[in-house]
Structures are given as C-alpha cells and as structure tokens.
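Residue numbers (the numbering used here), protein chains in the order written: chain H, 1 to 376; chain W, 1001 to 1376.
Treat each hint with caution, since some may be false.
In silico DSS-like links for lysine-lysine, alpha-carbon gap of 30 angstroms or less [stated by the list, open to error]:
| hint | chain 1 | residue 1 | chain 2 | residue 2 |
| --- | --- | --- | --- | --- |
| 1 | H | K370 | W | K1123 |
| 2 | H | K54 | W | K1373 |
| 3 | W | K1054 | H | K19 |
| 4 | H | K54 | W | K1304 |
| 5 | H | K19 | H | K304 |
| 6 | W | K1019 | H | K35 |
| 7 | W | K1054 | H | K120 |
| 8 | H | K120 | W | K1120 |
Quick look at which bits of chain H chain W covers, simulated, 3 or more residues with Cβ under 8 angstroms [said to hold, decoys possible]:
| hint | segment |
| --- | --- |
| 9 | 28-39 |
| 10 | 166-178 |
| 11 | 274-280 |
| 12 | 361-373 |
To be clear, the hints were calculated from the coordinates, so they are not data collected in a lab.
On a predicted model such as this, the values are computed, not experimentally measured, just so you know.
Note that beta-carbon positions come from the ideal geometry of N, C-alpha and C, so glycine has one too.
2 protein chains.
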Amino acid sequence: MNPRVLDIPGSLIREVASKKRASSIDLGLGEPSLKPNPAHFANAMNYIAEHGIKYTHNAGDAALREAIARHYDYPEMHNSSNVCITTGSQEAMYVALKTLLDPSRDELLVVDPSFPSYVKMAKLEGVPVRTVEMSEDDDFAFDAQRILSGLSERTRAIVICSPNNPTGRVIDRAQAEALVGALERRGGDPVWLIHDEIYREQTFVENEAYLAERYPHTIVTNSVSKSNALTGLRLGWIIAPHDFIQQAIKAHAWVTSCADTFAQQVALNVFTTLGGVNEHVSWYRAQWAGVVEALESSGLRFIKPEGSFYACVRLPDGVASLDAALQLLEDHDVLAIPGAAFGESFEGWLRLSWVAPLDRVREGISRIAKFVKEFV
Amino acid sequence: MNPRVLDIPGSLIREVASKKRASSIDLGLGEPSLKPNPAHFANAMNYIAEHGIKYTHNAGDAALREAIARHYDYPEMHNSSNVCITTGSQEAMYVALKTLLDPSRDELLVVDPSFPSYVKMAKLEGVPVRTVEMSEDDDFAFDAQRILSGLSERTRAIVICSPNNPTGRVIDRAQAEALVGALERRGGDPVWLIHDEIYREQTFVENEAYLAERYPHTIVTNSVSKSNALTGLRLGWIIAPHDFIQQAIKAHAWVTSCADTFAQQVALNVFTTLGGVNEHVSWYRAQWAGVVEALESSGLRFIKPEGSFYACVRLPDGVASLDAALQLLEDHDVLAIPGAAFGESFEGWLRLSWVAPLDRVREGISRIAKFVKEFV
C-alpha cells in the first residue's frame, strides 16, 4: 500500500470525542447545532422533480458559480469562471493544494495553531510542510512578521484560516497589509495565500481582512457548512484567478468528477435568497456575547474569540492537554478538545466549541473553571 | 503549479459532445435518461427534517454501509467494516488507487479499451501505468491470457471494468477463473484486482463473473449513479477487505471528509426497498432488445452488448474515429463518441449510448449506417 496513506496517524480529536457519554456537556463539536433552513431543501426538491439529477459541468452549476462569484465580489475574481464547486471545503483545500504545489520543488507554510487537515493533506501529496507558530504571549494573534519569518526559498503557499480554528483569532487589516506588502516586495515567483474562510459568517470584529481583496495571488476556500448549518451537505468551493481555476477544475474532475447536483441546488437557494448566507449570523452573535460573559466571570485565562464558534482556555502550567481533556471528561463529564491536536504551539490549551444551548455551555465553562482550580 | 495537473489533457469525449446541437440525436450521453424514483428523495427529506444534516462518520452512515455489505454479500467482505461510502464511484476509484499503489514502486495495469479515468487518475498520483489490449478480432472479449501477458514485476493492481465502458463486454466465469487461478499461482505479493462494477445492473448475459466472489485480493467500486438514474447524487462506495478499507477511509477522510448525508439517506432507501437496486433493470432489458434488433438489421459491424448501456460500431478501415464523429455530427446530426477516447486499441470504432428514447436511437443507428455506406 501507499506509505503516505499508511503513515497518516489517527485523529486525536476523534479519539477524545469517542469517549463522550450521553450525559456529557459537548464542547467538542465542530459543527453547528442549528437546523438548516428547510426552504433551501424545498428548492432543490423542486429542481430534482423537474430535471432529475444529472451530472453538472465538472466546475459546477453555472448559476451557482455566478452567484458565488458575485456574492464575494473579489477583485479580478468576480466571474463564474473564477469558481470551482467542490465536495465541501475539504475537497476545495485538497484540490487547491494538489493543483498549486509541485511535490518535487515546493513547500507549504502553515500558520499554527491550525486545524490538522492542511498538514495531513500536504503529507498525503508528498509536499514538504513547514509550520510557523504565532505567539502565546499575544494570544496567538496573526502576526505578519512572524508569518514571514517562516518562509523558505521553496515556500510556494501559505495557508491562513481566519477566523481561525482553534484560536478564534482573525487576521486584521494592518497585519494583512504588512504580510501582502512584504510578499509583493519579495520578487521572484509569487508566494500564494490560501485563505480558508470557513468561519467567515462567524466574525465578531470589524477590522477583519479578506486576503483576496488585497493580494492577487490568493486562493479562497469555503462552504455552506458552518454559515448555514449544512455540514453534512458537503458543498464547498474554490475562488481563485482564472488560470489557476482552469487547472484546479481538471484535478477536481478526476478526484470526484463534480459536486452533488442536489446539494448545488440547495446552495443556489442560499445564495439567491436575500440574506441567505447570513441567516444564522444573529444567533451566533447572541451566543457569542453570552459565552464571552461566562468566560469573563469564570476566572479562566481565555482567548476572546474574534471569530469562529470556538473559545480557548489555558490549562495550568505543566498540564498536558490530552491528559486534561480525558480527566475533564472522566471527572466532570465535559468534552473539550486538547490543544495538542492543533500543533505543538497549542499544547497547554483546550478548545471549547459553543454551539450547544447557552446554559449547557455556561455549565461546561463553570465545570472547567472548577477543574482548573483543582490544580492550584 | 503541479506538473501532473498541468499535464492532464482535455477530454476528447467532452470536446466532441460540446459540438452537439439542440436537434442532434444524442448517442454520446454517459448517464441514464430515466428520472430517479422520488420515494428515495422523500425518505431523505424526512430524515433531514428530523435530524438536520450533520457529518456522518468518515466511512459513511453505519446503516448504509451495512445495507451495501449485505446486498452484495461478497465472501469475507459482507460486513459494514468492509465498506467506505464515497463521493460517487469516481472518488471510490481515486481513493482505491491512491491507497493501494506506492508511486515509488508499483505499477497499475489497465485493460483496454477502457474509460480514460483510470489512466488519468494514476498519472495524477505519479503511478506508472501499463495497458493491455483485448483483441479486436474477438470483439474485445476479456481474455485472461492477454491480461496476464500485460503483467510486469512491478504490477500491483489490474483495473477491470465489467460490464465494460466502452465495449459492453462482460468478463465471463471461465476467463475470471483462468485469471484468478494464474494470479494465485504466481506467488509473492498479491496482484490486486479492482473491479469497477458501475454497470452491474445493466447486465444482459448470465455467465458474468464477479471477481470479488473468486479472489480475496479484490477491491470493488460502484455507485447508485447508473443503476438508479442518480448520477448527479455523487454517491458511491468501495467494498474491500477490512485491512484495506481501514487505510482507504483515512485517505478518503482527507480528500473529502465524508459523503453527503442527504445522498446517503437516498441510497439507504434504495438498498432497503425490496428490489430498489434493480428498479430500472426491466427498462434496460427492453431497451437493449430493441437496440440489438436495430443493429442487426443495420448492416453495421457492431459488438453485441453483454452489459452497460453502450453499443460499439466499426468504422470503415482507415477512417479516424475523431474525424468520423465530427463529420457524423456535422452531416447527419448524430452525436457518437470516437473510439480514440478509450485508448489506441479502440481507434476505428464509435461508442453509441442507447439511453435516449428507442425511436431516436433507431433513427441514429440508421443514420450511422447510411454514413458508413458513404465510404464504401
């Protein structure tokens, strides 16, 4: 068998999550707990009743590609020919990395802490990966100078997830400007930015930067999973310059052929309904306010989330996050994800998701605060 | 960018198909023209209304995996742990090749004529490919001795699509026995068989062989696309020995995460409805009988289809299939796919699909017969 597949380790997130009990307060979940809007499904059912469910073009349904391009309206990337519809943002990222990076020559730079998939995908393709760690002293804020310090001669792309999973940090306009300016002054073959925007509709600050608005060598990946509680629909996309998308469509065509026609019709209804993409924003804002309040009164050291639906809390010095997560579940019946799952730089932290009902999240935070005090 | 992606040529099938007019008789289509059974969608809608649309396990919904394993009931592969649900049979084949083959060591053997995706996927992964051609004199019947003659020291897997696209030939039990017997006597690391069963429910002979019933090192790929007119649903699977599936699930997890939950519920209804998988079989049998009759009275040299929904006709000697397909469309308004799209061994042939209404297929065959007579 292929050693690159054999070498993929099991998921630490899943290992911990599998120990959850029925009674547990689940702060581990990486997906919305809201129900999706049934109107989007009704639209897709009407389409199927009339047309059956044929293949679409490899790149996706033309109307959906157009609607997505117009909605985000990125400079030089606002036409349907800048969009490739994929099987969730997972395939979007996989195809983007596969298309962009030549394993014999290129390296990928990943900004840590980060969701583990970027590193695992690159390894699966035989692409060398470097990571660059943001500073714990600064609550892991995106820092352009730190990111730039991670570049090597061979770096061809940098993956940035903002709002970030796990930290909840958002890259702001000043740091984006500094990063993009330095990359433009660098000369030679461009270093691409891959912006994972999966938590875009869970943004709680107003100085957030969209890299595609500032830098022409940007590839955006996203999906309707988190914005519209449609994780299981597996409907995502890549937005990128035309020449890149043409090549990405070819890779996508041989990996999965095309995205699900039904799912594409669901997404088309999201994008053609006024406010459809933002239909869950107010729920997240209210939830966020309650969670921040609970964290502030908990006595825990925490990173105030600027985006995403996570909040991270610091464990006492010297406590390993995996041990802590297992003990927290065993003794206090709360599931949280150990920081170690997101790179070495995040050891000593726990990631809490806050998509459960607010009183459950509050109770979970209260139990974690009690748990942490036991060490002192 | 990745040279393996840049090097993928455009699709000859799509190049020809793009020239189709509204008036054209379409014998090019590679998907059913039937409408899917709405009951399967109603079941999925009920599920979504109750549960929302969350991620499933990477390997797929447990009930669907179980239902598929039981339906096919292959020896040593009849448990849910032998099944991985994928985004159509395209991702099933992609993940199977990616998981099985070590690009630094292994070669893939493809039995030609064949659908071009196997070779393109292997090249995308950097896996060397050899092809072995079945004999035109024998109407491209699967021939164990010929297949075995294509093996090299490095061959780790053989892809066999039976019923075959494009030829419509089916590997029979005698040839399967000869092939499997020789592979078992060979010793050393096993050579795997990958059986693409996508046209299984379009089989019109009774001596067909299922390789997984005869050889333990068999990987099966399939989907509900052709059997149930659900091409756009993108719901397929791999059935394989447990140890292999465990590794394939990891590769699948980083390529697409998991299959669409809605699509999995549609497929679950197919597999849990009595006769659901076979609901379109009688339509194909009737259609097949009419097409064979039309071909027999046409005067054309044709390969009598044993399976699939294609029939192939011979062009006059020396006529290139791409030129012929373009001229046929231009002068007679009939779309057929040039044999050259399926490997050099199929140059000089045209592939006709017969999913259009029978009178249109008959008219198309009649025009092709007229077109061929013009050369004599």
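Okay, the hints, checked on the actual structure:
no.: 1; hint: K370(H) - K1123(W); verdict: 56 angstroms, violated
no.: 2; hint: K54(H) - K1373(W); verdict: 35 angstroms, violated
no.: 3; hint: K1054(W) - K19(H); verdict: 19 angstroms, holds
no.: 4; hint: K54(H) - K1304(W); verdict: 27 angstroms, holds
no.: 5; hint: K19(H) - K304(H); verdict: 28 angstroms, holds
no.: 6; hint: K1019(W) - K35(H); verdict: 44 angstroms, violated
no.: 7; hint: K1054(W) - K120(H); verdict: 23 angstroms, holds
no.: 8; hint: K120(H) - K1120(W); verdict: 23 angstroms, holds
no.: 9; hint: 28-39; verdict: holds (count 5)
no.: 10; hint: 166-178; verdict: violated (count 0)
no.: 11; hint: 274-280; verdict: violated (count 0)
no.: 12; hint: 361-373; verdict: violated (count 0)
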